[in-house]
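Could you build all of it, start to finish, from the sequences and the hints given here?
Residue numbers (my numbering): 1 to 97.
Take these hints with a grain of salt, some might be off.
[Said to hold, decoys possible] The calculated label-pair distances, taken between Cβ atoms and stated as ranges, are:
(1) 54 x 4: 12 to 20 Å
(2) 16 x 79: 16 to 24 Å
(3) 59 x 5: 17 to 25 Å
(4) 14 x 51: 27 to 35 Å
(5) 56 x 76: 30 to 38 Å
(6) 25 x 76: 15 to 23 Å
(7) 31 x 79: 12 to 20 Å
In short, the hints are calculated from the structure, not lab data.
All of these numbers come straight from a predicted model, not from anything done at the bench.
All residues carry an ideal CB built from backbone N, CA and C; glycine is no exception.
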Amino acid sequence: MMALTVHLLLYPEETWYVAHCLEFDLVAQGETPLDAFKNLLDAIDVQAAYAQEIGDWGQLFMPAPAEYWRLLPTAEPFRPGATMAGSPATAVRETHP
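Below, the structure is given as structure tokens:
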């Protein structure tokens, strides 16, 4: 299997944390940053399995809107063991769409 690097944004929204894969425009949520991250990995696995099943890998790559990509340069690395303490500091700064 080939390795693929993707870009993820992780940020709090109301009472949930949101994880967003920018290359595939897939979004997941969770009660903690780690839950959102794991749920997004599951969603990516499901989408990739479907693309393989139908033989259309091109449909997997549906980039997120530009406003999310613009947040990436101000993002900080996500460390799964760290907490976000109610702020998006480990993913995207205070502003998100």
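Quick rundown of the hints versus the structure:
no.	hint	verdict
1	54 x 4: 12 to 20 Å	holds, 18 Å
2	16 x 79: 16 to 24 Å	holds, 20 Å
3	59 x 5: 17 to 25 Å	holds, 19 Å
4	14 x 51: 27 to 35 Å	holds, 31 Å
5	56 x 76: 30 to 38 Å	holds, 35 Å
6	25 x 76: 15 to 23 Å	holds, 22 Å
7	31 x 79: 12 to 20 Å	holds, 18 Å
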